[in-house]
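Undergrad: Residues per chain, in single letters:
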Amino acid sequence: MAGGGSEDMQWCFSQVKGAIDDDVAEADIISTVEFNHSGELLATGDRGGRVVIFQQEVENKSVPEYRSEYNVYSTFQSHEPEFDYLKSLEIEEKINKIRWLPQKNASQFLLSTNDKTIKLWKISERDKRPEGYNLKEEDGRYINPGNVTSLRVPVFRPMDLMVEASPRRVFSNAHTYHINSISVNSDHETYLSADDLRVNLWNLEINDRSFNIVDIKPANMEDLTEIITAAEFHPHHCHTLVYSSSKGSIRLCDMRASALCDQHTKLFEEPEDPSNRSFFSEIISSISDVKFSHSGRYLMTRDYLTVKIWDLNMETRPIETYQVHEYLRNKMCSLYENDCLFDKFECCWNGNDSVVMTGSYNNFFRMFDRAQRRDATLEASREHNLPLQLLKPRRVCTGGGGGGGCSKRKKDEISVDSLDFNKKILHTAWHPNDNIIAVATINNLYIFQDKVSDPDSADDLSASDMMCTI
Amino acid sequence: MNASAMDVNTEAKRILAVSISKLYASRSQRGGLRLHRSLLLSLVMRSARDIYHSAYAQAAAEEAAAAMDADKELEKVSEPLVKSPEPEKVELECREREEDKEVEEEEDMEDVFESETDSEDKENMNPSRHSRKRRGNTSAAPDFLPSKRARLEPGEERHAVLLGAVVPLGAMGLGSCRVGESLNAFSINRVAMPAC
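Residue numbers (our numbering), protein chains in the order written: chain A, 3 to 472; chain B, 211 to 406.
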């Protein structure tokens, strides 16, 4: 790539999916986003219990700047609202998580879960159909056998591509509390599901039985002080899993040690800074997401204000801490009142673990380049929808004076008080092998890609003013 | 009380009020009570209460100390022997009042996590509904709370969900929380601390 090895990424708008109007139906709110292992498929789940899968088209070679576009591949209703009659509780159909299985054959498989039930879906293509039956017309009507004078062998003929999603397994009745995570094991045979107090291990083939591997429910619920907020299997070691807690700690468990992994193998915890103590310390230290790096060497955690990178070999403190929106620290009382303090942001790694990304408010999302120690704030907005339009970096200014205004109204600056806290980006995903990112606002899915630099063009540095470099 | 202590107290009270209303609102949330959210709410309430109490105790001690100093200036040498028990007495009074408040708060919390099994259970209905039960001389309990309380059946999971969200007040040695099955309606006015 021309321009030297600095690996500056310039992010451009690629696509946006979803309705344009501001009146958002609750069912359309996106609740999870996940690329599959090849990056060819991108799945989203919403509060209405639907899953929409986008597929990357075959690359358009005539237009080298374009990477392929994602178009709708399949849409299906994964979960329906249910009612637990015993407890008089409604079970929401909202899809909490989607996880893809590695592809083994022509079909694709994914796990989707709501608060109580996990389902394994098979997504298969059908592009041929048998024609030439002896006893059936093409439209399905039966032929009177007496009218058949000759026999023929039915043959497969091409048809328009049809993508079918069918539920292959339903894993239910294993969770008393609300499921927050699912994670497929590297053995491709088992997966875990985690709720507030327990982690269960399933075999993908067996849906009527699961093993409980972590149980932090105290004997006396009055003694409850922390709950499980997220859990994940190690990407390579099938015996290792981690789970994060509402107290800001992460526990690593080794299933070889014992059947019940209540005793952790490692505990990752950073002592709290006493000067930061406030009414809301517990809420903001609660970890909302935990993700292993692709290498398996590092862990990333997201709490309300920061992203932390942990080295699995060091439990005492994270190796890196990135401030996502520190300017919100003084606003916590109002964020508590409008419930924003309870928002659960997710985070993700890029393919080679050099950059991490997470969402914020005002449809901003943040990227942290670990190697180059740089960060960027970008915005997912309908105002920048021209194809390949470069995203300009945004800045939030806190301002010292009353009103929190910026001293100089720079074009891309916005003051803290002007942030729209209804526009939040909770779910983001990064293509496993490429610089394509999927960013979900409340009901829209934005796809951004980095500008593929043309090897024949003049140096990229000429456009450095426009660049949003990371 | 000095100005900053007042601010802290005001904020603590406000946060408590907001928290209680959130707890009440979460009762009608789709999907049922969320354990994580309930736990965080109860932790915030405990923080607010602790900060309120410590700010209050500190302010009371400061007042007493200031009173002590003022007295010392005005009185003769022999008098301080009479006056010195005062700050202790004031502190003791405050502590007693604190405990009363805590008991009352605990009852608040208990009430918040109480529940009704049955929509037919008229005694435990919305406080705006006047119960036909005669109220005894329960000065501690407010008048709209039912005199009968739902009892916990052993081993019932949903109670555990609610109970789990309760601050472990049992640890304070002031009595254990009884758990019901869903939330009683709860007026925000209950949160107002009686001024000492």
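These are computed hints drawn from the structure, not numbers from a lab. Heads up, some of the hints might be wrong.
Taking CB as the label site, the calculated pair distances span [what the hints assert, rightly or not]:
#1 B:Gln239 <-> A:Ile208: 50 to 56 Å
#2 A:Arg397 <-> B:Ala235: 22 to 28 Å
#3 B:Ala280 <-> A:Arg397: 29 to 35 Å
#4 B:Ala271 <-> A:Glu28: 47 to 53 Å
#5 B:Ala235 <-> A:Ala29: 20 to 26 Å
Model, not experiment: these values are computed from the prediction. The C-beta atom is built at its ideal place from N, Cα and C for all residues, glycine as well.
Undergrad: All hints, please: hold or fail.
TA: Each hint tested on the structure:
1. Hint check: Gln239 of chain B to Ile208 of chain A, Cβ distance near 33 Å, so the stated range 50 to 56 Å is violated.
2. As the Cβ distance of Arg397 of chain A to Ala235 of chain B is approximately 36 Å, the hint placing it in 22 to 28 Å is violated.
3. The hinted window of 29 to 35 Å between Ala280 of chain B and Arg397 of chain A is violated, with their beta carbons roughly 54 Å apart.
4. The beta-carbon spacing between Ala271 of chain B and Glu28 of chain A, approximately 52 Å, falls within the hinted interval of 47 to 53 Å.
5. Hint check: Ala235 of chain B to Ala29 of chain A, Cβ distance near 21 Å, so the stated range 20 to 26 Å holds.
In this structure, the hints that do not hold are numbers 1, 2 and 3, in rising order.
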